[in-house]
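Protein chains in written order, with the working numbering: chain A, 2 to 218; chain B, 4 to 400; chain C, 7 to 346; chain D, 7 to 105; chain E, 57 to 225.
Hint data in this document are derived by calculation from the structure and do not stem from the laboratory. Some hints here could point you the wrong way.
As the list claims (entries may be wrong) - Simulated crosslink set (EDC-like; lysine to aspartate or glutamate; CA at most 16 Å straight-line):
#, chain 1, residue 1, chain 2, residue 2
1, C, Lys157, B, Asp193
2, E, Lys107, E, Asp135
3, B, Lys180, B, Glu249
4, B, Lys59, E, Asp203
5, B, Lys279, B, Glu313
6, B, Lys279, B, Asp216
7, B, Lys102, B, Glu296
8, B, Lys241, E, Asp140
9, B, Lys241, E, Glu137
10, E, Lys107, E, Glu124
11, E, Lys138, E, Asp156
12, B, Lys377, B, Asp216
13, B, Lys241, E, Asp135
14, E, Lys138, E, Asp203
15, E, Lys107, E, Asp69
Said to hold, decoys possible - Covered, in the sense of this in silico footprint (three residues per stretch, anywhere, with C-beta under 8 Å from a C-beta of chain E), are these stretches of chain B:
#, stretch
16, 113 to 127
17, 168 to 174
18, 257 to 271
19, 340 to 347
20, 380 to 389
The beta carbon of each residue, even a glycine, is placed where N, CA and C say it ideally should be.
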Amino acid sequence: MAEVVFFVASLGAIGGAVGVVALRNPFYSVLALVGHLLSLAALFLLLRAEFVAAAQVVVYAGAVMVLYVFVVAYIGGADRPVRTTGPGLGLAAPLFAGALFVELCLAMLGSGLKAIDAQGAPYEAGFGSPGQIGELFLTRFLLPFEVASYLLLIAAVGAVILARRRRGLEEEGLEDVPTVTVADLFRLEPGVGTQAESGGMLQDRRERDERERKGGW
Amino acid sequence: MPVAGTDRPDEELLTINMGPHHPATHGVLRLMVKLEGEVVRDCKPIIGYVHTGIEKTAEDKAYWKVIPVVERMDYLAYYFNAQTFCMAVEQLLGLEVPKRAQYLRVIHLELNRIASHLVWLGTSALDLGAISMFWYCFREREKVMDLFEQSSGQRMHTRYIQVGGVFEDVPAGWADKVRAFTREMPRRVDQYAALLDRNEIVLRRLRNVAVVDEQTLLGLGVTGPLLRAAGNPWDLRKAAPYSSYEDFDFKVPVGTVGDNYDRFKVRMYEMYESVKIVEQALEGLPEGPFITEDRKVALPPRHELGTSMEALIHHFKLVTEGFRVPPGEAYAPIESPRGELGAWVRSDGSAKPARVHMRDPSFVNLQALPYMAKDGYVADLIATLAMLDPILGGIDR
Amino acid sequence: MTPLAALDYYEPWWAQLAKSVVIFAVVLQMVPLVLMMERKLLGRMQARYGPNRVGPFGMVQPVADILKLLSKEQSRPHSSVGPLYALAPAISILTAVAALAIIPFGPVVDIFGTDVGLYGIDVDIGILYLFAFGAIAFYGLVLGGWASGSKYSFLGAMRAAAQLISYEVAMGLSLVGVIFTAGTLSLVEIVEAQKGMWYVVPQFVGFGIFLIAGFAETNRTPFDLPEADAELVQGYMTEYGAGRFALYYFAEYMNMIVISAIASTLFLGGWLLPFGIDPPGWVDPIVVLAKIFFFLFLFIWIRATLPRLRYDQLMSFGWKVLLPLATVNALVTAIVVVST
Amino acid sequence: MDIGWYLAVSALVFCTGAGGVLVRRNPLVILLCLELMLNAANLALVAFARMHGSGDGQIFALIVMVVAACEVTIGLGVIVAIHRRRLPVDVDELRELRG
Amino acid sequence: MPDATGLELIAQDIRDGDPDAVLDTTYARGRATLIANPPAIRRVLEALRGKGYTFLASLHGVDYWPDEPRLGVIYELLDMEKVDRISVKVRVGADEPHVDSVTDMWATADHQEREAFDMFGVVFDGHPNLRRILMPEDYEGFPQRRDFPIGGEPVIFTFNEKRVRGYPE
């Protein structure tokens, strides 16, 4: 059973990867990568990394790829030929990739790692569970955890600054458009939304007086 | 890629064709909308999809047969269409309308105004997403329709208002039914207000949206609730009373800001005022004929036909040919639920009008839409269109 | 195969299979029921009858609707992208159904001598599982809007996507308080942790935020902007008809049921009854269903009452109000949990 | 399943990504290919974690995800900025940084 | 409405500025009408606007066939302060139906002039966007003219779309 799942999932992962490189339309490339990521999540599950699998889907498929989708939809897919970098690089790149693959395989298989041909260490309850991950993050890997969170913060700020509109809404007075703020939650305008008024008079007096003063009534 | 994200990448504008078949355009209206993200940068109304040539048709019909034709223009304010046409013809004939007929006309006009505003309220609320309002409004509108049916036999396009008066006196007991309605209606409007006017979401959707100042509106020829919402108390019922409106005590609600909220409030209050007018008209309904005694214009009563040769001749003449109208031109403006509705009628002396042209308020007011919608959100464009209350039958005629 | 969940008891394959079939069948049957309920309730709230022609009291109306939709011709716009156009609604319904698997309808019970949990699976990652499928649901909407090749669909899809991710953040944070208090992600354990007191009491802020975000996630009024029929004419499903539309429609109601079920599990104590009432085991699923229907009623009630927000209002509400509130809630809960 | 198989898949995906970076010109796709390579590394890390039965590899994988998310936000930000300035979204034509 | 004397005074005022501007005045059944010289229409309206008639209520096209000049355009002006109306009429021949546009003076004239053009073929010089408004863009003829017959327009259905005149093959 595990073999079948592995076969299907790895096929999905490799197929998705090839799709990313080979598809012309960036939108399809993004979709191929989503497929790749989901297959990878299945592989993670096989490796008993539940939390990583869930994080993979939530973070990658749910957030990172969403960004891609937005940007591709915004910029629009350019239907350019896949390979226009010139024949030299176009030919050299697959060769390079192939050579890299051979090298990696040699490195891993020839490394003499004993456990590589095994099913891995015996499974312990709680392996890869949120509890274990959390414990590791807050004990042994506290520094990387904190650094990573700062990195995220910096990246968020950077992205906002980079993608900020140079012209458009801000300058053209759209900030006048009313928006809901926290303060509004606590501010009760007279005659707005209270039960007493809904049961009683239709119009709050202040407003009616004002309209009367202006001569409407 | 199936959707080209933008027309030209450097402008980031997305052109959207709203309509002619779109749930929120209140008819067969087409809007060419240029969007930048969710913001409307340009909006061009395109009309003519329900042009039915009513004005041309009217030229081929006897005067009294024109009434049902013009009634079908602004299909929510049919009494008003008939009233303005009849007033123009009466002006050409130099005809005096009996007091009772004038009062009866007023009652029906104001009931019709309520019905029209109810449809507006229901559909506008629907456009804002408040789906229940629609049914509540139509529940009350149904009662008005029933009253119309009892007085004229028809629910819509009643052809009740005739040249020289009204088609028939109201049946016995009708007044009580109207009173029952006018007693109930203000309570209902209170309830609508409680549902919408007390709702934070509605307030945020309407307040300070689509503000256009009074001068621009005047230049655009905008009249009616839209102009009053901007603070100009122009109401023909007050300014140039017709059909005995000077007899009634009512107020003209005006707004202060000229935003969608004011437009909403003005119409809500107009319903109260209309109810007041109907009550007063019922109270002071004078005795007397319901249509002019001029046998050249109005059909003789049925019972005279058997005894009076003259009546028979008049009847024959009117039914076969219709009455002739002395040559001339007349323009009769009245205050319809949407603004100044005027019929321009030219007579060449025959029994058929030589030209009937309607100054329909929807047609004129629609020009204000681009001014209102510009630089707002798409959602506000829909709300604004709803608050504009265009009736495409009136626009395209 | 590696088990998805670390169960401390053994469930035979037939139990798993039977559970899947039962859950699927029951919840799938709930969708027409919810449809009927919505139409009838809306009708009553709007001073009309609602459907009353097909079957007794019009109860067979949803069946008629579904049959009608399924028997319609499948058509698609010229400019659409065929395979993706067909795939998108399937993704939507897949994610909606998959999320049902983790909803507990009761504790582990003894059926024919074997221990069977009254839930699809009880996973360690619990709520994360839910959010994982929520993340995939995004593609159902965006692909649908994009592949339709229509500007309305596209705009609707973009709105839907932006709304989905904005409110997903607030929703996730609103649950953090519950997770802190219960000390686990597993839904079954969270329910059992509510033995003393339902989390709606200590976590009322989180409950409110979760409900609001849930309305947004399921695209219901007042957050139904992606399919605002007044502006975008049903948004991402503008170009869909027949069976595929039925799929979207189904998925939407399924999502409603899922959100209701999650809310009742996390905040209303799942199958637990208040005041220490401990009914026999077969009552538990009924209690859960009753709580689910309470939330469904709330969904319908709100729909009949509220108009919809504007897009910018929706966004700023999500980011400027809900998110800070949820963060503060999580923070306060964390402090309280640690200090006690 | 032997851990070796996972590593083989990881290597294959990594090489596909590397080749893609070299071949494609659209910066969006290049970013996608980078993602592929990061993911391949993730797979290897998780596989090794399983091999050793310790969670360290998974922690690494999670940190890699964080880094990937940061890289993507910045990368996409740059691309959007390029697009806003009406420059071609094409790495070969964007030679300005070269001087 | 200004009474007959008031109308004459207004007309005299305008004539003082431009002797040819006003051709005639009519006063019938309380309706005061200035008949303006077509080339001077803008000057007449400008003058009236100066007198307080600041609101262009409506603009009507009309066909006086068989009289000549055939076509007419009527401007209904309104003084909102004094609640006073006056109408201005210009008559132009059907062969050279040119009237100056007043869209820059009143934005409301935009649609209304387009309608008059659509229905009668009166060309408003200076109109920014003089296209058909109610009739289809490719419509031929001016349907509200008196010599335009009332007749059936073939309705395009699928079965006859090839046969209906003007439908592209």
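Checked hints:
| no. | hint | verdict |
| --- | --- | --- |
| 1 | Lys157(C) / Asp193(B) | violated, 40 Å |
| 2 | Lys107(E) / Asp135(E) | holds, 9 Å |
| 3 | Lys180(B) / Glu249(B) | violated, 25 Å |
| 4 | Lys59(B) / Asp203(E) | holds, 11 Å |
| 5 | Lys279(B) / Glu313(B) | violated, 43 Å |
| 6 | Lys279(B) / Asp216(B) | violated, 30 Å |
| 7 | Lys102(B) / Glu296(B) | holds, 12 Å |
| 8 | Lys241(B) / Asp140(E) | holds, 13 Å |
| 9 | Lys241(B) / Glu137(E) | holds, 13 Å |
| 10 | Lys107(E) / Glu124(E) | violated, 31 Å |
| 11 | Lys138(E) / Asp156(E) | violated, 28 Å |
| 12 | Lys377(B) / Asp216(B) | holds, 14 Å |
| 13 | Lys241(B) / Asp135(E) | holds, 15 Å |
| 14 | Lys138(E) / Asp203(E) | violated, 40 Å |
| 15 | Lys107(E) / Asp69(E) | holds, 10 Å |
| 16 | 113 to 127 | violated (count 0) |
| 17 | 168 to 174 | violated (count 0) |
| 18 | 257 to 271 | violated (count 0) |
| 19 | 340 to 347 | holds (count 3) |
| 20 | 380 to 389 | violated (count 0) |
Consistency with the previously given hints fails for numbers 1, 3, 5, 6, 10, 11, 14, 16, 17, 18, 20, ordered from lowest to highest.
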